[in-house]
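Peer 1: Given next are the chains, with one letter for each unit.
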Amino acid sequence: MITDKPNPRGPQLAARRVRPADARELAAALREADEAGLAVVPHGAGAQQYVGNPPSRVDVILETRALDGIVEHTPADLTVTVRAGARLADLQAALGAAGQRLTLDPPHARDATIGGLIATNASGPRRAKYGTLRDLVIGMRVALVDGTIARAGGKVVKNVAGYDLNKLYIGSLGTLGVIVEATFKVLPLPAQEAALAARFVSLRRASEAAVAIAHTGLRPAALEAHDLDDDPRLVVVADGHEPAVERVLAETSRIAREYGARSVDRASDVEAALAPSRGLIESEALILRASVPLAAQGPFVDEIRRIAHDRTAGVALAAHAGNGIVRARLSGEAEAVSRAAVEMFALAKTVEGDAWCERVPDALRDVVRDAWFGEPPGFFLMRRIKREFDPRDTLNPGRFVGGI
Amino acid sequence: MKSEDLLLYEYDGGVDTAHPDAVVIPHDAKDVAKLARFCHEHRVPIVPRGAGTGLSGGAVPVEGGVVLSFARLSRICELDAPNLRAVVEPGLVNLHLSTAASPLGLHFVPDPSSQKACTIGGNIAENSGGPHTLAYGVTTNHVTGIEIVLSDGTVTQLGGKRAETRGYDLVGAFVGSEGTLGIVTEATLVLTPRPEVVLTTLAAFASIDAASETVSAIIGAGIVPAAIEMMDHLAIQAVEAAVHAGYPLDAGAVLLVDIEGVRDGIDALLERISTLCRDNGATEVRIARSAKERELLWAGRKGAFGAMGRLAPDYYVQDGVIPRTKLPEVLAAIDEIGARHDLRVANVFHAGDGNLHPLILFDASVQGQLERVKDAGSEILRVCIDAGGTLTGEHGIGMEKNCHMEWQFTDDDLAAMQRLRRAFDPDGLANPGKVFPTPSRCLEFKAGSFNKGGS
Chain U
80 MITDKPNPRG PQLAARRVRP ADARELAAAL READEAGLAV VPHGAGAQQY VGNPPSRVDV
140 ILETRALDGI VEHTPADLTV TVRAGARLAD LQAALGAAGQ RLTLDPPHAR DATIGGLIAT
200 NASGPRRAKY GTLRDLVIGM RVALVDGTIA RAGGKVVKNV AGYDLNKLYI GSLGTLGVIV
260 EATFKVLPLP AQEAALAARF VSLRRASEAA VAIAHTGLRP AALEAHDLDD DPRLVVVADG
320 HEPAVERVLA ETSRIAREYG ARSVDRASDV EAALAPSRGL IESEALILRA SVPLAAQGPF
380 VDEIRRIAHD RTAGVALAAH AGNGIVRARL SGEAEAVSRA AVEMFALAKT VEGDAWCERV
440 PDALRDVVRD AWFGEPPGFF LMRRIKREFD PRDTLNPGRF VGGI
Chain W
330 MKSEDLLLYE YDGGVDTAHP DAVVIPHDAK DVAKLARFCH EHRVPIVPRG AGTGLSGGAV
390 PVEGGVVLSF ARLSRICELD APNLRAVVEP GLVNLHLSTA ASPLGLHFVP DPSSQKACTI
450 GGNIAENSGG PHTLAYGVTT NHVTGIEIVL SDGTVTQLGG KRAETRGYDL VGAFVGSEGT
510 LGIVTEATLV LTPRPEVVLT TLAAFASIDA ASETVSAIIG AGIVPAAIEM MDHLAIQAVE
570 AAVHAGYPLD AGAVLLVDIE GVRDGIDALL ERISTLCRDN GATEVRIARS AKERELLWAG
630 RKGAFGAMGR LAPDYYVQDG VIPRTKLPEV LAAIDEIGAR HDLRVANVFH AGDGNLHPLI
690 LFDASVQGQL ERVKDAGSEI LRVCIDAGGT LTGEHGIGME KNCHMEWQFT DDDLAAMQRL
750 RRAFDPDGLA NPGKVFPTPS RCLEFKAGSF NKGGS
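If you read the sequences in order, they're chains U and W. Converting from the first sequence to our numbering requires adding 79 to each position, the first position being numbered 1. Converting from the second sequence to our numbering requires adding 329 to each position, the first position being numbered 1.
Note that these hints are calculated values from the structure, not bench results. Just so it is clear, the structure is predicted and the values come from calculations on it, not from any experiment. We put the CB at the ideal spot given by N, CA and C, even for glycine. Possibly wrong hints are sitting among the right ones.
Footprint (simulated), chain W over chain U, 3 or more residues, beta carbon under 8 Å [unchecked claim]:
#1 230 to 236
#2 246 to 252
#3 275 to 285
Okay, the calculated bits of chain U under chain W, using three or more residues with CB under 8 Å as the criterion [to be verified]:
#4 121 to 129
#5 167 to 174
#6 393 to 404
#7 468 to 480
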């Protein structure tokens, strides 16, 4: 059980681990904890426990791993229902056997569970064409602190009956309920997928080429710009039938050259070409995530560099460049990194963007006190929603924005 | 406004009516906030209304109060092509946005059949769809920001032109809330580059079953078209009489299939679709290549509801969604329900995503017909739910289907939704009597259906 002993390695070690066998047991455990005034941290594979602020209290770690497996997959309906503790990799393998896939390719794809990915609104390069979880999830079952299991959405691809609570739960970091099951839209595997990598003199130019491509009807599957070690690149992935793939790569190659690409090469392995930018978040460092309007992205990455330089922090950058999502991995003295991150947040705000720390290494927690940089617009509504769903602050207390 | 003028605001495109106590037509968002504060102070319901084309009574003031018309808030504030966004007022007509964005090579994807009249505010309230949502999603997938006025008059901006914002996805939670969480006064929408080529295939079949099997075959072959629409024999008769789109009159069903993308390889794809149609018994396959030919084929589909006037003075349309593999059995059940109630039912629907639109034909001037029609409609929805589907794919619950919500959701499910409602509208003044079952109307409703010996 719970002890009052101070634990030098953080509160998580003192907490009780609970691994319910099914959704009903999980909901009961959640209610029990809530009634006892205990704080609960939902836990899938633990792949992304770094997201947000450390919870202010941890009494029970509620593990979802036993909620494993596919509930229902009807290939002809292009839908799949899966339990929250299932790993994405296992789901993809099962779908792949039926010639289908979930068009979600986030970091930690090998380990992360469905529940954890939804709670963190994880996304990957192919969001350029297929969107994010808010576009892919059509239904969910969520255990609430009163022990009920509430369904949102359904199992059909189009559904406007009742509120779309799926949207509320996606990215809510386990602060409103514990996801126990989700239903997704899936798609047939593409006939072909191919990639090219273009090298640029600056990330700004690579990013601007990506924005130009996003303005065409070419619809590439991914547009990833990155600059990890002074070698700025744009990676373009195209999918579909062979003639279309060839055409999209030929056109994007032409646009890349127009924007000053020094070389454009066909990548021999699509996943290998995407790996560097995905690897950025998987390393233990401060990762700032910014979302800016598309046209602001080019100048923004330049300014980010300038800020890092001024603050004598090291920076590596990767962008979902068709969507205006920029990640900066900062390194250096704690104080320099922290100040650079705050300035980058302020910069994002000036261009109608937003930013937060997607990852804060333990070593920097004392300096970077709030991964969220304060309260976002509309916070008063978020606070009210939290009170309605979790009045006793049982779920992941203090982990989310504004101390939620 | 004279009291008879208020009659215009008693109804929308559905069959339910209620009398407003007042109608207000504000000039700007400040007026809206002022009105909301006034209504809040006097505990008066506030019901937003766009073009009144809704089909579930969303804009009907079932509990009285003030109807807030967006007739004067219909501007495009900003066409921001570099950011692929538009900032618009809620009274803007859906099609006007795509028309304005067209010279820039962009469009707003959600295209409800009523797009020549329906407004963006209504689209956001209902989370409207349209034929092209199969590949691109519904309204919610194309809204990144909203300015809202809460029922107490508080104004707040949620989201913006960027893709992601810190905190809960309040924009996503708000879209589709049917005016029950607050009032949208401005929206930031996604503009999408137009594809290089769009080709439309018309395929005629002897039966609905053959057409349904073709839909499964196309998707089973790994092809996800931009749209797959189906019309049955009765609908074809009406559409041909009204629009002369060139559909074969002797067909049992027709499919309209849109594919789009880059030019390269699209002919081969088209050929595969034609082959799949023929393999599944298509009696005719026609391909529209020019914009003009395409428009004509689509005019038939988009004008289908209006064309029902050729068959009967009135129609009542349902909007249930089913898993597409259940199409043949559910359509057979709908046929049986129509026959049992001695009502003709035409079917026009989004076959690709299983979103049915059975149009029950009737004459409202015949005593008792509307009641029979509503009973048949309810039975059809029951069939959809039993097939694993939903009450509505794009028209909303409104005051039309709120008493059926318990068929689809448990008390616990609805209680979770009510938590969101309380966070936004604790006093219940934002479009009350919609979405959730209300004790007064739904008890009456239940008693009514028991009396008729319904199941």
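Peer 1: Check each numbered hint from earlier against the structure, then list the numbers of those it violates in ascending order.
Peer 2: 3, 4, 5
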